[in-house]
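Student: Take a look at the letters that make up each chain.
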Amino acid sequence: MSLFKLTYKSILSRKLTSILLIVSISLSTMLLIGVQKIKSSAKTSFSSSISDTDLIIGARSGEAQLLLYTIFRQGSPIANISWRSVKQVEALSDVDWVVPLSLGDSHKGFAVLGTNLTYFNHYKYGRKRPLTLKEGRVFKAPLDVVLGYDVAKKLNYRIGDSIYLSHGLAKGNLPVHTQKAFTIVGILNRTGTPVDKTLHIPLTGITAIHMNWNQPQLQSLSFIDVDLTPASVTGALVGLKSPFSLFSVQQQITNWPDEPLMAIIPGVSLARLWNSIGTIDTAFWIISVLVLIISFIGLLLALFMSLNQRKRELAILRTMGAHPTQLAIILTIESFLITFMGVVFGLLLMIITGLFLTPILESQFGLVLALTTLSQLEIFMALGIVGFGVIIGFIPAILAYKRGLTEGFISV
Amino acid sequence: MNLIELKKIQFKYVNSQAFTLKINQFELKKNTQAFIEGPSGCGKTTFLNLLTGLIKPQQGNIHLLGTDITTLSQIECDRFRADHFGIIFQLFNLIPYLSVIENIILPCTFSNKKAKRALQNESSLTAEAYRLCNELDIDDTLIKKPIQELSIGQQQRVAIARAIIGQPDILIADEPTSALDNERRDQFIQLLLQEANKYNMNLLFVSHAMSIKSKFNTILNLNELNDYYKDTQNVPI
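Here the protein sequences line up with chains R and A, keeping their order.
Taken in order, the first sequence gives residues 4 to 415; the numbers are from the working numbering.
Taken in order, the second sequence gives residues 83 to 319; the numbers are from the working numbering.
FYI, nobody ran anything at the bench for these hints, they're computed from the structure.
Nothing here was measured: the structure is a model prediction, and the numbers come from that model.
Positions of the beta carbon are idealized from the N, C-alpha and C atoms, including for glycine.
Lysine-lysine pairs mimicking DSSO-like chemistry, simulated, CA-CA at most 27 angstroms apart: (1) 200(R) <-> 40(R); (2) 94(A) <-> 314(R); (3) 226(A) <-> 198(A); (4) 227(A) <-> 12(R); (5) 198(A) <-> 8(R); (6) 137(R) <-> 200(R); (7) 8(R) <-> 195(A); (8) 12(R) <-> 195(A); (9) 314(R) <-> 226(A); (10) 244(R) <-> 131(R); (11) 226(A) <-> 8(R); (12) 314(R) <-> 138(A); (13) 405(R) <-> 138(A); (14) 295(A) <-> 104(A); (15) 156(R) <-> 46(R); (16) 226(A) <-> 18(R); (17) 18(R) <-> 8(R); (18) 8(R) <-> 227(A); (19) 200(R) <-> 111(R); (20) 198(A) <-> 12(R); (21) 226(A) <-> 12(R); (22) 227(A) <-> 314(R); (23) 405(R) <-> 94(A); (24) 143(R) <-> 90(R); (25) 227(A) <-> 18(R).
Computed, partial: chain A to chain R, Cβ under 8 angstroms: (26) 134; (27) 136; (28) 157; (29) 163; (30) 164; (31) 169; (32) 174; (33) 175; (34) 178; (35) 179; (36) 180; (37) 184; (38) 187; (39) 191; (40) 192.
Make the full structure from the sequences, and use the hints.
Tutor: This is the structure:
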């Protein structure tokens, strides 16, 4: 009989303790790797919410604030920038394209973004992925609306439905622009970014709903004879012809003579913002490491207890010719088996939980988690936990070795 | 070649002053069935520990079957014990989570020599374990029972089977009958002697039970062996 089989049988004979240990290790493994997964997924989805845009411009306020409302549709702008400035920026020789953004309205808690067709060409997310239509088309008329994936899914909207927009951003009883019914003409594919939670309408549409057109006869009016050019917008995304002019353009905009403007580099600002909120997941991380340490203390305790209970058993093996090293190996195999089973069980538990949790997290928080797969880092972490368990097991193993050397025949 | 040969042995426990074992010269020939007697605390267990190499004397040499075990390394010593000894304790000989058969073949895990010899008798270790069970009157219903459900007498018979598997040169029994009643004790000794004779194994039997002395061909009194004890007894008070 091998030492492995001997150890295995010994673990089986202490079923309850072993199962409790395995459960405690598996739960902490799940926690640790789960937190790691949430952390990395959140970071990925956060930093991939915009790409290929060189600068974001807006009225002078805070860097984080500008980023939050232009990209994450959170908070509200203090001031707008004039349409004239937008046009002037677009005319700069280094500027390739400008996507104007106009925020401030909402529909059932989802943000409404006024923009123009350049948005669909130049807004990129993740690894420079463009927006794509799931069905329908992009907007043409002022009262067309293109929905983000989540908006359509959650509110159960279809192409052709009519909706009203509300003034202001909060949920609840906001004044509704009841005079202007928008028609859904397109629905975008899922991006995992705030775009999914946005309703896109033309800038002209924004102007239209805010013009005081209370006269019912104007409701079905064609807009040709009315000037719907906006006076101002909230901000704009800017793409440059060459990345080398980034800082000079940024400088130019910061020193804009007509009005106080600012320009931020999205990548840099995203990283800064992440660092300021990233401490939360560090806290989570520390907690799960502590939980793991507690389960390992439990393992150590159990190994010490089993060492005392098995004093006699180990002495029998010793007199039968087992070398103290073999006694140490038995205890090391024991801690290996228990942590290994714990980690495997924990990963299985995580994957099973992931199967149930992933759709909920995605629909509720837009957090796309890869709970059902394991990344290389996570496999290394799992192996690390097993390795740590084996190292912990060395402590009682060394003790058993020493006792094996000094203890001889036992007569009870 | 003698079975056991002790020369100028001196042993003292490191953290206790009370006890010293001192044997200048001691020999035991082959084909010995020795009864080792002596009051509690006279050093019977220490003597067995020294013989099996579990502890080493501070001075002197211990020759077993021509090998000086005091010169062996720890691992060699453990291997020597695994190969040449079969040991039966007073109580709780068996590993509770192993089956009867697994307990019997356990020594073969630590000794290739025992495993080889066992395989000379039967085609597999399990078959050899069954054969020994048959010889020792451990029937099939007992074999299937968990260790905890066996009586002490039954456990001791399994312990004999485990000690004699692979036919080691020396059987050591450390007060194996103290938990048995007289009738069971006599049966146990009968069985042990019968097996020792059958496989030509030497037997060292430690006991308090003087009534069974007569069944052994050699009687050793440890107090008489211990020169230190004799010395202190001779000092006039």
